[in-house]
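From first to last, the protein sequence lines are chains R and D. Residues in the first sequence are numbered consecutively from 1, following full-length UniProt numbering. Residues in the second sequence are numbered consecutively from 1, following full-length UniProt numbering.
What you were told as hints is all true, and nothing was included just to trick you.
One copy or two, either will do: identical chains are not told apart, so a pair holds if it fits within one copy or between any two.
Listed next, the in silico EDC-like pairs over lysine to aspartate or glutamate satisfying Cα-Cα at most 16 angstroms (straight line):
#1 Lys240 - Glu104
#2 Lys307 - Asp233
#3 Lys209 - Asp97
#4 Lys49 - Asp97
#5 Lys59 - Glu435
#6 Lys240 - Glu103
#7 Lys442 - Glu176
#8 Lys240 - Glu298
#9 Lys362 - Glu402
#10 Lys335 - Asp389
#11 Lys209 - Glu169
#12 Lys209 - Asp96
Derived from the structure by calculation, the hints contain no laboratory data. Since the model is a prediction, treat every value here as computed from it, not as a measurement.
Number of protein chains: 2
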Amino acid sequence: MKTITSAHLTEIISTVKTGRVLTDESDRFSYSFDGSFGTYLPDVVIQTKSVEELAALVKLANREKIPVYPRGQATSLSGGPLPVLGGMVLDLSVMDDLLEIHEEDLVAVVSPGILTANIHNAAEKKGLMYPPDPSSSHVSTIGGNLAENSGGPRGLKYGVTKDYVIGLEIITPQGELIRTGGRTVKNVTGYDLTKLIVGSEGTLGIITKAILRLIPKPPASKTVMAIFNSLEDAGRAISKIFCSGILPSKMELMDQASIVAVENYQPSGLPRDAEALILIELDGHPSAVIDEAEQVSEVCKEVGARKVRVPKTKAETEEVWKARKLVSPAIARIKPTKISEDATVPRSKIPEMCRRLQEIKKKYNVHLVVFGHAGDGNLHPNIIADKSDKEEMKRVEQAVSEIFEAAVQLGGTLSGEHGIGTMKAPFMEMELGAEGLDMMRKIKQAWDPNNIMNPGKIFPEPGQRLVLSE
Amino acid sequence: MKTITSAHLTEIISTVKTGRVLTDESDRFSYSFDGSFGTYLPDVVIQTKSVEELAALVKLANREKIPVYPRGQATSLSGGPLPVLGGMVLDLSVMDDLLEIHEEDLVAVVSPGILTANIHNAAEKKGLMYPPDPSSSHVSTIGGNLAENSGGPRGLKYGVTKDYVIGLEIITPQGELIRTGGRTVKNVTGYDLTKLIVGSEGTLGIITKAILRLIPKPPASKTVMAIFNSLEDAGRAISKIFCSGILPSKMELMDQASIVAVENYQPSGLPRDAEALILIELDGHPSAVIDEAEQVSEVCKEVGARKVRVPKTKAETEEVWKARKLVSPAIARIKPTKISEDATVPRSKIPEMCRRLQEIKKKYNVHLVVFGHAGDGNLHPNIIADKSDKEEMKRVEQAVSEIFEAAVQLGGTLSGEHGIGTMKAPFMEMELGAEGLDMMRKIKQAWDPNNIMNPGKIFPEPGQRLVLSE
Numbered sequence: 001m002k003t004i005t006s007a008h009l010t011e012i013i014s015t016v017k018t019g020r021v022l023t024d025e026s027d028r029f030s031y032s033f034d035g036s037f038g039t040y041l042p043d044v045v046i047q048t049k050s051v052e053e054l055a056a057l058v059k060l061a062n063r064e065k066i067p068v069y070p071r072g073q074a075t076s077l078s079g080g081p082l083p084v085l086g087g088m089v090l091d092l093s094v095m096d097d098l099l100e101i102h103e104e105d106l107v108a109v110v111s112p113g114i115l116t117a118n119i120h121n122a123a124e125k126k127g128l129m130y131p132p133d134p135s136s137s138h139v140s141t142i143g144g145n146l147a148e149n150s151g152g153p154r155g156l157k158y159g160v161t162k163d164y165v166i167g168l169e170i171i172t173p174q175g176e177l178i179r180t181g182g183r184t185v186k187n188v189t190g191y192d193l194t195k196l197i198v199g200s201e202g203t204l205g206i207i208t209k210a211i212l213r214l215i216p217k218p219p220a221s222k223t224v225m226a227i228f229n230s231l232e233d234a235g236r237a238i239s240k241i242f243c244s245g246i247l248p249s250k251m252e253l254m255d256q257a258s259i260v261a262v263e264n265y266q267p268s269g270l271p272r273d274a275e276a277l278i279l280i281e282l283d284g285h286p287s288a289v290i291d292e293a294e295q296v297s298e299v300c301k302e303v304g305a306r307k308v309r310v311p312k313t314k315a316e317t318e319e320v321w322k323a324r325k326l327v328s329p330a331i332a333r334i335k336p337t338k339i340s341e342d343a344t345v346p347r348s349k350i351p352e353m354c355r356r357l358q359e360i361k362k363k364y365n366v367h368l369v370v371f372g373h374a375g376d377g378n379l380h381p382n383i384i385a386d387k388s389d390k391e392e393m394k395r396v397e398q399a400v401s402e403i404f405e406a407a408v409q410l411g412g413t414l415s416g417e418h419g420i421g422t423m424k425a426p427f428m429e430m431e432l433g434a435e436g437l438d439m440m441r442k443i444k445q446a447w448d449p450n451n452i453m454n455p456g457k458i459f460p461e462p463g464q465r466l467v468l469s470e
Numbered sequence: 001m002k003t004i005t006s007a008h009l010t011e012i013i014s015t016v017k018t019g020r021v022l023t024d025e026s027d028r029f030s031y032s033f034d035g036s037f038g039t040y041l042p043d044v045v046i047q048t049k050s051v052e053e054l055a056a057l058v059k060l061a062n063r064e065k066i067p068v069y070p071r072g073q074a075t076s077l078s079g080g081p082l083p084v085l086g087g088m089v090l091d092l093s094v095m096d097d098l099l100e101i102h103e104e105d106l107v108a109v110v111s112p113g114i115l116t117a118n119i120h121n122a123a124e125k126k127g128l129m130y131p132p133d134p135s136s137s138h139v140s141t142i143g144g145n146l147a148e149n150s151g152g153p154r155g156l157k158y159g160v161t162k163d164y165v166i167g168l169e170i171i172t173p174q175g176e177l178i179r180t181g182g183r184t185v186k187n188v189t190g191y192d193l194t195k196l197i198v199g200s201e202g203t204l205g206i207i208t209k210a211i212l213r214l215i216p217k218p219p220a221s222k223t224v225m226a227i228f229n230s231l232e233d234a235g236r237a238i239s240k241i242f243c244s245g246i247l248p249s250k251m252e253l254m255d256q257a258s259i260v261a262v263e264n265y266q267p268s269g270l271p272r273d274a275e276a277l278i279l280i281e282l283d284g285h286p287s288a289v290i291d292e293a294e295q296v297s298e299v300c301k302e303v304g305a306r307k308v309r310v311p312k313t314k315a316e317t318e319e320v321w322k323a324r325k326l327v328s329p330a331i332a333r334i335k336p337t338k339i340s341e342d343a344t345v346p347r348s349k350i351p352e353m354c355r356r357l358q359e360i361k362k363k364y365n366v367h368l369v370v371f372g373h374a375g376d377g378n379l380h381p382n383i384i385a386d387k388s389d390k391e392e393m394k395r396v397e398q399a400v401s402e403i404f405e406a407a408v409q410l411g412g413t414l415s416g417e418h419g420i421g422t423m424k425a426p427f428m429e430m431e432l433g434a435e436g437l438d439m440m441r442k443i444k445q446a447w448d449p450n451n452i453m454n455p456g457k458i459f460p461e462p463g464q465r466l467v468l469s470e
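Whole structure, please, built from the sequences with the hints as guidance.
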């Protein structure tokens with residue numbers, strides 16, 4: 001990899017006719033971090049809405065072997081946009097002009113800088129829904145969601161970002177503009193480049209436009225809250241609900257540590273001695289959700305819930321969901337450093353994974369809080385620590401490694417929705433095997449032989465290990 | 001490419017310890033055709049249930065540059081399993097032992113030779129559903145469905161095969177066994193090889209096991225049949241239903257030529273002078289489907305349907321759907337050769353596509369019948385001809401080319417669910433552009449540098465054109 005020379009800078013500045021080129025250290029510093037760990041200063045930051053200028057920059061970078069780091073709002077929890085090798089950061093959050101809803105085709109056409117929540121709102125105005133709902137949707141761009149294949153609570157019923165992308169416009173690592181897929185839900189014309197690029201974390205190209213599939217918005221929804229004395233009973237309730245023929249739109253779990261954290265932060269009368277709280281949302285036809293909420297309540301009671309509540313009004317429903325939304329801010333107040341994991345296991349292994357997590361918590365004496373999307377096995381074990389405490393961070397590193405091992409041993413995966421980035425690259429071979437990882441690497445090398453697109457992500461460097469302490 | 005020598009044959013026979021090696025011409029002839037056009041005799045056919053033996057055969061083939069053609073039940077309409085360059089056919093229909101339903105994980109684990117209908121039945125016994133429902137599901141294997149990413153009527157609401165595959169075991173073109181994905185719905189660990197391989201038509205490896213996602217079976221369904229004097233009114237009804245917030249599970253169209261063909265074959269009193277018949281299935285909660293069937297009926301009447309019928313009993317419902325199921329056998333009796341296309345357009349372009357198809361029908365004086373999955377833009381224009389009539393087949397070739405052009409011009413795709421195979425390879429660049437096709441070719445070359453896996457498919461040979469006349 002080359003560093004950027006003054007000749008490069010001159011060429012970059014002459015290429016970017018309609019946008020801005022940031023070179024001041026104070027400007028560049030704002031682009032040196034994301035929602036994960038570490039700071040890496042880029043050599044130059046470019047803001048432009050012009051696809052032609054972006055393509056010309058990628059051609060330049062490819063010719064001169066300069067790293068290119070595409071970036072949205074940098075809410076990544078896995079280091080996706082970090083410019084770990086310096087080079088160029090392309091700030092795509094400025095590409096926020098295009099947000100069209102074509103209701104007759106049930107699609108949205110968007111530019112990468114659009115905030116995901118704005119797509120939700122635009123679709124709802126037309127009676128439609130864009131289902132993927134990452135918790136960050138009010139602050140994250142669709143471009144980032146596409147790069148990382150973001151999930152969210154509704155993944156249980158509706159799937160993840162990838163399931164709603166049917167077409168892309170991308171700039172290849174050679175700086176060529178290509179289109180993949182299109183406006184049809186069914187398309188088997190050659191390899192599915194769309195679904196290869198979504199989730200490839202910016203390592204295979206730059207997404208400059210996307211066609212998203214929308215669905216009619218379900219006309220009604222209903223929530224059930226159930227409190228359990230035992231985490232295992234909560235797990236059994238979740239299994240039994242699936243076997244009763246109901247597919248909820250959300251099924252969220254809070255463990256005792258989450259309940260206590262929320263009660264310490266903003267008390268709302270949740271029982272501090274309960275081991276688990278589950279929140280289930282049903283959506284669909286108005287009479288169907290009433291009926292299903294009753295069935296779900298029955299199942300929870302049969303399994304031994306100590307309390308089951310079906311809020312009647314919109315305000316009551318929001319009150320119930322507020323507890324779940326407060327978990328992240330509540331635990332962030334305990335200690336300054338929050339390590340948010342997303343190791344995911346098959347649904348049936350949730351009780352076993354909960355047990356393993358409690359063992360890891362004790363073994364390494366870490367402050368572990370478990371909550372998340374229980375319905376699809378995508379738990380969020382969060383460890384709360386203080387990164388200035390080197391000894392604690394060593395224990396946290398060991399605990400995190402063991403969480404990954406437990407997930408893979410139970411037939412699960414390192415990452416359900418946050419991505420690999422820099423954080424989990426060292427663990428890739430554990431899940432995929434040397435051959436599986438090699439088949440991924442062959443695609444990367446064929447598309448990007450000079451390794452300019454987001455280098456340092458997904459693929460482990462020789463000897464790379466997890467480092468949370470800087 | 002090498003042809004198979006007697007030394008190769010000796011090595012093949014010594015490798016296949018548990019299965020059969022077919023070398024007689026009469027045996028090999030059964031493997032020379034599929035549901036499309038042309039016959040190509042393979043040099044040898046291998047039947048084995050052993051993944052280790054299959055992997056050893058692929059290693060041998062890769063070393064000796066022998067073409068390898070994986071094959072299920074060969075119902076392909078695009079030439080998927082045709083051994084166009086001779087070599088080895090691997091008959092995977094014998095791998096029919098594994099069909100496990102894990103209801104607690106909402107997954108099925110299957111071997112490639114299982115008939116898709118058997119997965120439907122096994123899932124339903126547990127109150128679950130495997131949504132993809134290609135019309136061939138009673139005779140086609142899941143392995144073939146995976147290779148081609150099969151669709152079906154339920155694609156409208158539930159998506160296609162790819163949307164339900166979360167893990168695979170494959171033999172790479174180097175003869176290595178790798179696993180992709182797993183048992184979790186959410187998985188963002190590296191590139192999505194699962195969705196790259198599904199739909200790659202056997203050109204990137206051999207699928208030896210698959211993990212499929214299941215959903216709770218909807219407890220009720222209801223059908224609405226509507227007859228229209230004008231095809232355009234039928235198109236408007238389809239659009240209006242989507243805008244009313246209802247997502248039907250199926251929405252099928254028959255044009256006048258289809259209605260007439262069915263009435264000539266097995267009369268059931270359908271009006272021969274009607275330009276279009278649509279069949280809509282709603283599924284979900286019992287009271288929801290009753291309500292939605294009423295709404296859909298109202299929309300059809302408002303738009304000007306001349307008759308709307310909601311069958312009350314199961315027998316009446318089956319009677320209504322029988323007409324749609326009879327289209328294929330009915331038109332097959334008109335002339336011996338049936339060219340079944342699946343060019344797909346954005347939903348809003350269905351009326352325009354119908355108009356273009358009628359123009360093409362007149363221009364080339366071909367017997368064109370239009371039916372299919374109107375709800376997702378996946379029409380099936382079928383041309384009925386006689387392949388011994390060279391002059392007619394020339395006109396058919398020109399009509400087919402123009403159908404592809406029309407679909408691509410309207411923002412659609414060459415193939416919605418049948419695949420590219422040999423049939424549509426010459427048209428790939430028209431849809432994808434040279435650069436887009438090149439990015440696909442880079443993946444093929446990186447994974448299979450000796451081009452042994454199903455060579456002659458997807459990627460056009462220089463100067464290749466559509467040939468239906470042999």
